[in-house]
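Trainee: Given chain F, put chain E in place with the hints provided.
Taken in sequence, the protein lines are chains F and E.
Under the working numbering, the first residue of the first sequence carries the number 1, and numbering increases by one thereafter.
Under the working numbering, the first residue of the second sequence carries the number 1, and numbering increases by one thereafter.
Simulated from the structure, these hints should not be mistaken for lab results.
Any given hint could turn out to be false.
[What the hints assert, rightly or not] In silico lysine-lysine, BS3-like type, Cα no more than 25 Å apart, as pairs:
#, chain 1, residue 1, chain 2, residue 2
1, E, K70, E, K9
2, E, K57, F, K96
3, F, K58, F, K77
4, F, K22, F, K77
5, F, K49, F, K69
6, E, K57, E, K83
7, F, K101, E, K57
8, E, K71, F, K101
9, F, K96, E, K71
10, E, K70, F, K101
Predicted model, so just to flag it, every value in this text is computed and none were measured.
Next come the chains, spelled out residue by residue.
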Amino acid sequence: AQSVAQPEDQVNVAEGNPLTVKCTYSVSGNPYLFWYVQYPNRGLQFLLKYITGDNLVKGSYGFEAEFNKSQTSFHLKKPSALVSDSALYFCAVRDKAAGNKLTFGGGTRVLVKP
Amino acid sequence: DGGITQSPKYLFRKEGQNVTLSCEQNLNHDAMYWYRQDPGQGLRLIYYSQIVNDFQKGDIAEGYSVSREKKESFPLTVTSAQKNPTAFYLCASERGQGNSPLHFGNGTRLTVT
Numbered sequence: 001a002q003s004v005a006q007p008e009d010q011v012n013v014a015e016g017n018p019l020t021v022k023c024t025y026s027v028s029g030n031p032y033l034f035w036y037v038q039y040p041n042r043g044l045q046f047l048l049k050y051i052t053g054d055n056l057v058k059g060s061y062g063f064e065a066e067f068n069k070s071q072t073s074f075h076l077k078k079p080s081a082l083v084s085d086s087a088l089y090f091c092a093v094r095d096k097a098a099g100n101k102l103t104f105g106g107g108t109r110v111l112v113k114p
Numbered sequence: 001d002g003g004i005t006q007s008p009k010y011l012f013r014k015e016g017q018n019v020t021l022s023c024e025q026n027l028n029h030d031a032m033y034w035y036r037q038d039p040g041q042g043l044r045l046i047y048y049s050q051i052v053n054d055f056q057k058g059d060i061a062e063g064y065s066v067s068r069e070k071k072e073s074f075p076l077t078v079t080s081a082q083k084n085p086t087a088f089y090l091c092a093s094e095r096g097q098g099n100s101p102l103h104f105g106n107g108t109r110l111t112v113t
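Just chain E, same shape as in the assembly:
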């Protein structure tokens, strides 16, 4: 079945450590997105990529980094510069931009202590 796989489902890290969240899709979608979800705040866009080797900052990119070396993969690194990294992270992909809906992975819950 085609879809988006995020791993791991739960991730625990100590403060000051960088951590990388995995996102893989086999939908052959060009565009991929990373969102952060906090209670009561909906989804906020971190980074997005429309094609391989290109990506743009979203609304809350500070403290995060991404790469898009392959069409299928869009990993997100949460760096130690992110002041409040504990959150639920969602990856999504889209066939093209415009009227296509986003397809979401099942998320990674990151807890930093």
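So here's chain F without its partners, still in its complex pose:
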């Protein structure tokens, strides 16, 4: 069965410092990988996705993520964090070999301090 792990419940970072949110996955076939962000009492917003091609994917609001097949990871990064980046971040994986089911990680709360 496919799964997604976000090992950190919370990440604290100072404004202006690099931000990394970790995600590892397990699938039987080739993964489609997604990152979403959620602000309080709102739905999830799509940030970026990896389907195929370049391992470094660029998305919205200056975020990027690197697909690493050997480490089965898809970590989200931002070179310089903003206070407004404080939110809940979800990694998700879809495996076409498993009927295209989308599985979400448990989420990582990011707190950017001024």
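Mentor: Coordinates of chain E only, in the frame set by chain F:
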């Protein structure tokens, strides 16, 4: 603007009552989903529908029911059989299955006392 509308934003019910959450989309998306979000547990899939008049159970369908009579609408009923219904419910839609991202509504927070 195209999007997904969930209503109401907050809903309060007494235990033992059924309640229906509304989800409407004007994105012309074929697939629609209902997720439940509890603190520390991420999103769990309740039901999904890929086409009109067809839907499948997700991971936690017990105590819930849905219908998909129109492409635009995918209401979720939380029945009295759901043992712990208090949660944040999210509706999403998708153009097709595979590499398209999901579009989410802003959720309905249901509190049952």
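Trainee: Mind listing which of the numbered hints don't hold for this structure, in increasing order?
Mentor: Nothing - there is no hint that the structure violates, so all of them hold.
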